[in-house]
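Sequences and hints are given; from them, build the entire structure.
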Amino acid sequence: MCYITKYNLVVRFGNKDLAKYPFLKEAFSYITKYDFKLEDLDSKDYLHLIDKAAEKIENYLFFGRFEYQINYSKTHETIVQEEVIIFLISLLLIKSISIDVVTKKFALMESMRFEKYLISDLNTADRDDKTIKLILYKIFEDLFSTKILLEVDVYNFYKIRINDYLDHPIAFQEKEWNLINRTLHNGFVYLDGSEIVRLFRNELYLLIIDRIKKMSITRIPDTIMAISKSIKSRWEQIHHSINAPVSNAVTPPCIQHIYDQISKGENLPHPARLLLGTFLIYSNKTLEEMLELFKRLPDFDEKITRYQLEHLAGKRGNSKRYFVPSCEKIKLENLCYETRICQGISNPTQLIRKKSGI
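The opening residue of the sequence shown carries number 1 in UniProt numbering; numbering runs sequentially from there.
These are calculated hints, taken from the structure and not from any lab test. Hints are supplied without guarantee of correctness; some may be wrong.
[What the hints assert, rightly or not] Straight line, CA to CA, 30 Å or less: simulated DSBU-like cross-link-like pairs of lysine-lysine:
no.	residue 1	residue 2
1	Lys264	Lys329
2	Lys74	Lys52
3	Lys232	Lys264
4	Lys175	Lys44
5	Lys229	Lys214
6	Lys95	Lys329
7	Lys295	Lys285
8	Lys285	Lys315
9	Lys175	Lys295
10	Lys320	Lys116
11	Lys33	Lys16
12	Lys213	Lys315
13	Lys25	Lys116
14	Lys214	Lys116
15	Lys213	Lys229
16	Lys33	Lys44
17	Lys229	Lys264
18	Lys52	Lys264
19	Lys52	Lys37
20	Lys285	Lys229
21	Lys285	Lys213
22	Lys16	Lys175
23	Lys213	Lys33
24	Lys320	Lys303
25	Lys214	Lys285
26	Lys175	Lys147
27	Lys320	Lys175
28	Lys147	Lys214
29	Lys44	Lys295
30	Lys213	Lys52
31	Lys285	Lys264
32	Lys315	Lys232
33	Lys285	Lys320
34	Lys95	Lys315
35	Lys315	Lys329
36	Lys213	Lys264
37	Lys303	Lys329
38	Lys37	Lys25
Shown next as structure tokens:
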């Protein structure tokens with residue numbers, strides 16, 4: 001079992017906790033001690049686990065939903081073993097599908113699933129119960145080599161050493177995560193509970209992608225290959241290469257960069273979605289054309305996206321139509337990829353007007 005001795009507390013990971021976090025080293029020890037091998041997956045004994053992993057992936061990729069449930073009706077040790085094996089099977093399936101967009105969508109959905117477990121654990125903890133909250137300490141130290149400390153004098157606050165914080169890509173992504181916008185004191189960055197969970201999700205997303213890419217397997221079991229081929233075929237029938245909704249001849253570099261990110265399966269920060277949505281609306285694209293592009297995002301939700309696009313177009317709320325952000329605002333959001341064709345413009349839409357002779 002795992003022990004954490006910060007603040008004179010001892011935290012023991014129960015089997016139920018390990019089942020919810022199968023990526024932890026301690027969880028993996030449950031299958032290594034029984035000498036589990038990948039070849040074992042060819043046995044019929046594992047078909048129910050393979051089916052469960054495949055169903056989870058199909059729900060992620062084709063429906064964007066979480067319907068996965070841990071079966072707690074078995075012995076505690078069996079629960080952990082099965083959850084670790086299902087997690088491993090999932091990685092194998094995604095590895096054998098070998099499509100970057102699929103890998104990133106899976107990683108995002110899987111990290112969001114574990115995020116839900118973590119939020120639930122933190123929310124069910126009593127105000128003064130540091131035991132549950134110190135699970136974060138183990139997770140961050142185990143996975144990301146970062147020490148997350150509980151700020152004992154302030155409820156639901158955590159702190160990370162500045163140098164450790166800067167080791168995480170999120171610190172350089174959206175403005176709200178830049179050091180200038182964080183609370184700093186005595187060499188630490190302070191984060192509340194919701195922020196530390198978002199940091200966990202972001203880091204786990206990157207870690208899952210990295211683990212899949214670095215998997216070196218001489219032979220993938222036949223059952224895994226058959227299922228992965230089926231999922232891959234279904235994906236390719238639905239998704240085609242992106243044809244930019246606006247001609248490349250008049251596409252501003254900032255918009256083209258967003259298209260490129262979508263093509264690679266990257267998720268877009270909110271400012272990039274706002275920029276893309278307003279630009280497409282300005283370009284007189286239909287709602288269905290815009291949805292066709294946005295549905296390629298890993299976290300696409302049609303109902304939410306449809307509402308947001310209609311809101312930007314002035315068809316919801318106060319009927320105010322949002323205009324494309326200025327180049328100055330785009331630069332402030334780190335979304336500018338200026339080239340020579342941008343000289344003399346203050347808004348991306350001016351490039352379209354230039355090409356159109358307006």
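These are the hints, each one checked on the structure:
1. Lys264 x Lys329: holds (25 Å)
2. Lys74 x Lys52: With Cα atoms ~16 Å apart, Lys74 and Lys52 stay inside 30 Å; holds.
3. Lys232 x Lys264: holds (16 Å)
4. Lys175 x Lys44: Since the Cα atoms of Lys175 and Lys44 sit roughly 51 Å apart, the hinted pair is violated (cutoff 30 Å).
5. Lys229 x Lys214: Holds - the C-alpha atoms of Lys214 and Lys229 are around 20 Å apart, at most 30 Å.
6. Lys95 x Lys329: The hint is violated at about 39 Å.
7. Lys295 x Lys285: Within the cut-off at roughly 15 Å; holds.
8. Lys285 x Lys315: holds (14 Å)
9. Lys175 x Lys295: holds (25 Å)
10. Lys320 x Lys116: violated (35 Å)
11. Lys33 x Lys16: Holds, because 19 Å separates the two Cα atoms, which is no more than 30 Å.
12. Lys213 x Lys315: violated (43 Å)
13. Lys25 x Lys116: Judged against 30 Å, a Cα distance of about 20 Å means the pair holds.
14. Lys214 x Lys116: holds (26 Å)
15. Lys213 x Lys229: Holds. Lys213 to Lys229 sits at ~18 Å (cutoff 30 Å).
16. Lys33 x Lys44: holds (21 Å)
17. Lys229 x Lys264: Holds, at roughly 20 Å.
18. Lys52 x Lys264: holds (27 Å)
19. Lys52 x Lys37: Since the Cα atoms of Lys52 and Lys37 sit roughly 19 Å apart, the hinted pair holds (cutoff 30 Å).
20. Lys285 x Lys229: Outside the cut-off at roughly 35 Å; violated.
21. Lys285 x Lys213: violated (36 Å)
22. Lys16 x Lys175: Violated. Lys16 to Lys175 sits at ~37 Å, over the 30 Å cutoff.
23. Lys213 x Lys33: holds (25 Å)
24. Lys320 x Lys303: With a Cα-Cα distance of about 20 Å, the restraint between Lys320 and Lys303 holds, given a limit of 30 Å.
25. Lys214 x Lys285: violated (40 Å)
26. Lys175 x Lys147: holds (23 Å)
27. Lys320 x Lys175: Holds. Lys320 to Lys175 sits at ~26 Å (cutoff 30 Å).
28. Lys147 x Lys214: Holds - the C-alpha atoms of Lys214 and Lys147 are around 25 Å apart, at most 30 Å.
29. Lys44 x Lys295: Answer violated: Lys44 to Lys295 is near 37 Å, above 30 Å.
30. Lys213 x Lys52: Status holds; Cα separation ~22 Å.
31. Lys285 x Lys264: Between Lys285 and Lys264 the Cα gap is close to 22 Å, so the pair holds against 30 Å.
32. Lys315 x Lys232: This hinted pair is violated, its Cα atoms lying about 37 Å apart.
33. Lys285 x Lys320: Satisfied, since the Cα-Cα distance of roughly 18 Å is no more than 30 Å.
34. Lys95 x Lys315: Violated, at about 42 Å.
35. Lys315 x Lys329: holds (24 Å)
36. Lys213 x Lys264: Holds, at about 15 Å.
37. Lys303 x Lys329: Between Lys303 and Lys329 the Cα gap is close to 28 Å, so the pair holds against 30 Å.
38. Lys37 x Lys25: Roughly 17 Å separates the two Cα atoms, so the pair holds.
Hint compliance for this structure: hints 4, 6, 10, 12, 20, 21, 22, 25, 29, 32, 34 are not met, and every other hint is.
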